[in-house]
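Novice: Assemble the complex: chain A is given as a structure, and chain B must be docked to it using the hints.
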Amino acid sequence: MDTLNLDAPTSGPSTSRRTFLKGGGLLLGFALLGGMTTSVFAANAAQVTEDEVKAPFAPNGFIRIDPKGTVTLVMPMVEMGQGTYTSLAMLLAEELEVDLDQVQVQHAPPNDALYANSILHIQSTGLSSSVRAFWTPLRQAGAVGRTLLIAAAAKQWGVEPGTCKAAHGVVTDGSGSKHLSYGELAEAASKLPVPAADSVKLKEPKDFTLIGTPAKRLDTPMKVDGRAIYGIDTKLPGMKVAAIAISPVLGGKVKTVDEKAALAVKGVHQVVKIDEAVAVVADHLGAAKKGLEAAAIEWDDGPHATVNSADIIKELEEKSKQPGAVARNEGDAEKALGSAAQRIDAIYQVPFLAHATMEPMNCTVHMQKDSCDIWVGTQVPTLTQMFVAGVTGFPKEAIRIHNHLLGGGFGRRLEPDGTVLAVKIAKHVDGPVKVVWSREEDIQHDMYRPYYYDRMSAGLDADGKPVAWTHRIAGSSIFARYVPQLFVNGLDPDAVEAAAEPPYALPNIHVDYVQVEPPGVPTAFWRGVGPTHNVFVVESFMDELAHAAKQDPVAYRKALLTNNPRALGVLTLAAEKAGWGTPLPDGQGRGVSVAFIFGSYVAQVAEVEVGTDGAVKVNRIVCGLDCGMSVNPDTIEAQIEGGSIFGLTAALHGAITIKDGRVEQSNFDNYLPMRIDEVPVIETHLIKSSEAPGGIGEVPTSIVSAAVTNAIFAATGKRVRTLPVDPEMLKSSS
Amino acid sequence: MAYNLKINGTAHSVDVDDDTPLLWVIRDVLGMTGTKFGCGAALCGACTVHIDGVATRSCITTVDSIGDSAITTIEAIGETPQGAALQKAWLDLEVIQCGYCQSGQLMSAAALLKETPKPTDEDINSAMSGNVCRCGTYQRIRAAIKQAAEA
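Chains A and B, in that order, are what the protein sequence lines are.
Take the first sequence: its position 438, counted from the start at 1, is 438 in UniProt numbering, and no numbers get skipped.
Take the second sequence: its position 62, counted from the start at 1, is 62 in UniProt numbering, and no numbers get skipped.
So here's chain B without its partners, still in its complex pose:
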């Protein structure tokens, strides 16, 4: 079935089964590979995108559930003030190691800052504990979120 998706402000038409996860539409059908596949079961957060500003695991979000909602991916998160501040803090503090999970980390963090501009440690734990990093960059992620919140 054909769907019209609004991603990063651009309309895309795709023809896939109703139950196709958004992740594969973004990555394989539309070729935007910044959003990552990690677990396929909303357990790691690597695939996080924003749907109408809300951090959403695209690996379990089917294409038929999106409707007219606006999708934002890592490729465009730098256009939001939170995203830009976080990207800068991520680089200032050298958060990143392998980087594979960091698209998802940044998307979760951007949603957090939009909702809670001055997050406490508890806020950070609750917003970010769905995002796994096997390189173990968590200490710097926490510091970078705090730095971005001060920006």
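In isolation and in its complexed conformation, chain A is listed as follows:
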């Protein structure tokens, strides 16, 4: 490892550039590449830089090359662990013809014109869409850069660009005797007209040297020795830190605060009261938290003080009896249900869930006379800028968002609420202030994955084949709040995703959605969003149908997937690798699930063991995956491992419940994460594919719970229709 650099930035916001990039680089002489050039690249050991890098060669939003040869790739999407800073850099580097150890990456500033995600139409890291959205644009951007650098070299040598070649950041002429590094060409290339992105030639996949290889991640070396800077690590001259208490009941307000007691705590400077929260501003969080405790806040609970989970569920139960907005209607499901040889009905429920990112919510704000600076880790920099404009009245150009590595996102950081709150507090504070939520605040003032209540019905013919399928989903609409323009005629496309289009041939299908908003419980996207609920329901119910048809769950599904070869492919692969059909000891079982979600085909087989006390131990997860062309296969495997555990945590432990308007869970002792002693072995089997890339981050989270609950059924004969799994229900009488 190189030297540490823990220096605080040396001056105010505009020059707050972190310095870890400088200093630590070892110089890689081009002698190593043949000794034909005197130019050097700075191979940066710390490869993520925080603030904007200026360089003469900047042909588009993504590439910066300076005369010293430093190649900076600007990352339109943010790194929250999913490996996007490496995979997006690979797309650029492949076409730019640089090696990954020759580049550093930089967090993009907020700019939808330059950095919008083509699937989400905004600069937003969500929906497992980064590679899908940037697959073409970033390769084109890289190719534009390469074309210009080659053109600059060819001009200097007086030869045709077509005779020159670029590799490893060096352009070589046709004879192989002349070489110019990208650094040497940066100035000249910056003066050439930039070709249109769609006019440059892209490499054929067979010629890829980087895409599809298991590349080392660019962000991890700085994460093993404390150098990585997350939003919560922001340090500024004169900065204070604040602890915060938000009304325990949503919509409640501060009634009384003992300011004097708070101010008496050593290190406390100020108590800030806003409508819904109190912040204690201090030299360090130890003092701030102590001050907040001393403040002995009393609250006026407001209108939601009597909200309880039971009432929310009752309302869902009632309202889901009525038809909703139709997501899909083919054939005549009602009629086919009536004439079916066998009818199966079931109700499925999944709970509110918190995100509980390891990095608690935080935001640092420096309010100035007519502008402000924000240091935060966010999945949505432009949306955050817009919200801050709203709360400050400043034009958005006056709001500088400094994005960071995220200590987990999972959808939580798609919401600017924490930043808005920090700005409201910072308005009362002279100088920069970092607002840090406690874990309790983070869990109790999250925005939650909705509670969904689903009614399923199916009809089978005499052979057990499904002839009718109805699925009604009731729950909160995130789209109605977050993207109201896409909430049309009462239909939330996210709430029905993976329910409206199951992978199977189902002749008569009716899927509808009933919006039911829980009072006083804000809802939001959560890793896997619609599919993480719908795949559980659809795949559990499909298992019920197989059982009712007295057929093997894999064989039953295969028969319905004959026209869906990629789904059939992953199912066959997962079943084979898992040893489907081979015997297991008593008390153990295997379950399967399959889906097409986020542009990828996935199947999992889970092996579980259920004790006589009802305790569930998941021993093994085998995943078959076809996500099209892969960019970084090792990251895909890592996502399958981690995403499965995120889903398993929810399936086995996760529930947010409401009592008297308050969230009952508060920390990792009652909102349980899976720990190392509990996790299964997870195996990933990837199908080689030349199809367009699919998403991956949310795929395993969505698929895993049904595989596990179906395995519980195989082990015990008991069908889990409500998450999280309740061991009480699985206790055996023996």
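Please note that the accuracy of each hint is not assured.
When the alpha-carbon atoms are kept at most 30 angstroms apart in a straight line, the in silico DSBU-like pairs for lysine-lysine are as follows [to be verified]:
| id | chain 1 | residue 1 | chain 2 | residue 2 |
| --- | --- | --- | --- | --- |
| 1 | A | 216 | B | 118 |
| 2 | A | 178 | A | 165 |
| 3 | B | 118 | A | 335 |
| 4 | A | 718 | A | 550 |
| 5 | A | 688 | A | 216 |
| 6 | A | 314 | A | 731 |
| 7 | A | 191 | A | 235 |
| 8 | A | 68 | A | 165 |
| 9 | A | 659 | A | 273 |
| 10 | A | 191 | A | 165 |
| 11 | B | 6 | A | 266 |
| 12 | A | 203 | A | 165 |
| 13 | B | 6 | A | 617 |
| 14 | B | 114 | A | 235 |
| 15 | A | 178 | A | 253 |
| 16 | B | 88 | B | 146 |
| 17 | A | 68 | A | 321 |
| 18 | A | 260 | A | 235 |
| 19 | A | 191 | A | 178 |
| 20 | A | 216 | B | 88 |
| 21 | A | 396 | A | 273 |
| 22 | A | 369 | A | 335 |
| 23 | A | 216 | B | 114 |
| 24 | A | 550 | A | 465 |
| 25 | A | 216 | B | 146 |
| 26 | A | 235 | B | 88 |
| 27 | A | 206 | A | 235 |
| 28 | A | 178 | A | 201 |
| 29 | A | 178 | A | 155 |
| 30 | A | 577 | B | 146 |
Over 10 angstroms on every C-beta distance to chain A, these chain B residues come out as not near it, computed from the model [stated by the list, open to error]:
| id | residue |
| --- | --- |
| 31 | 81 |
| 32 | 114 |
| 33 | 117 |
Keep in mind that the hints were calculated from the coordinates and are not lab data.
If you're wondering where the values come from, they're calculated on a predicted model, not measured in any experiment.
We put the beta carbon where it would ideally sit given N, CA and C, even for glycine.
Specialist: For chain B alone, kept in the frame of chain A given last:
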């Protein structure tokens, strides 16, 4: 009250209340941000440091309880043989995702290897189950500890 703390071999003088958790002294007063805040209640292990070589949750360890003990943080764990081997294994096996919990994971693992150079799965479970990773990197953490133990 003034305290003299020995952190990574360097003496630091700080003036804070007796009951101030070491975590905030390290992060906010001394500005060493590699040690992370996760739960404030010794439930997640993100804040793990070594005090005289013992893995300790700094979020509930008050500054007045430390005395002359030597504190080691993630910034200096690479100077120990166990820490260096673990950092290498962590990178070789690409353990890390978001990375926020990994300072604590590495500190717990380094204390484990110092005490138990060849840990069994059970040893790993018992030393590491106090460290939460929401990205779910546990499978690779286990493999990396084993690889480092072989180094």
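Novice: Compare the structure with each hint and give your call.
Specialist: Each hint, compared with the structure:
no.	hint	result
1	A:216 to B:118	holds (27 angstroms)
2	A:178 to A:165	holds (11 angstroms)
3	B:118 to A:335	violated (66 angstroms)
4	A:718 to A:550	holds (16 angstroms)
5	A:688 to A:216	holds (20 angstroms)
6	A:314 to A:731	holds (27 angstroms)
7	A:191 to A:235	violated (38 angstroms)
8	A:68 to A:165	holds (21 angstroms)
9	A:659 to A:273	holds (26 angstroms)
10	A:191 to A:165	holds (20 angstroms)
11	B:6 to A:266	holds (23 angstroms)
12	A:203 to A:165	holds (13 angstroms)
13	B:6 to A:617	violated (44 angstroms)
14	B:114 to A:235	violated (33 angstroms)
15	A:178 to A:253	violated (72 angstroms)
16	B:88 to B:146	holds (12 angstroms)
17	A:68 to A:321	violated (68 angstroms)
18	A:260 to A:235	holds (28 angstroms)
19	A:191 to A:178	holds (22 angstroms)
20	A:216 to B:88	holds (13 angstroms)
21	A:396 to A:273	holds (26 angstroms)
22	A:369 to A:335	violated (67 angstroms)
23	A:216 to B:114	holds (28 angstroms)
24	A:550 to A:465	holds (11 angstroms)
25	A:216 to B:146	holds (20 angstroms)
26	A:235 to B:88	holds (28 angstroms)
27	A:206 to A:235	violated (47 angstroms)
28	A:178 to A:201	holds (24 angstroms)
29	A:178 to A:155	holds (13 angstroms)
30	A:577 to B:146	holds (25 angstroms)
31	81	holds (14 angstroms)
32	114	holds (17 angstroms)
33	117	holds (19 angstroms)
Figure legend: structure checked against the earlier numbered hints; hints not met, in rising order: 3, 7, 13, 14, 15, 17, 22 and 27.
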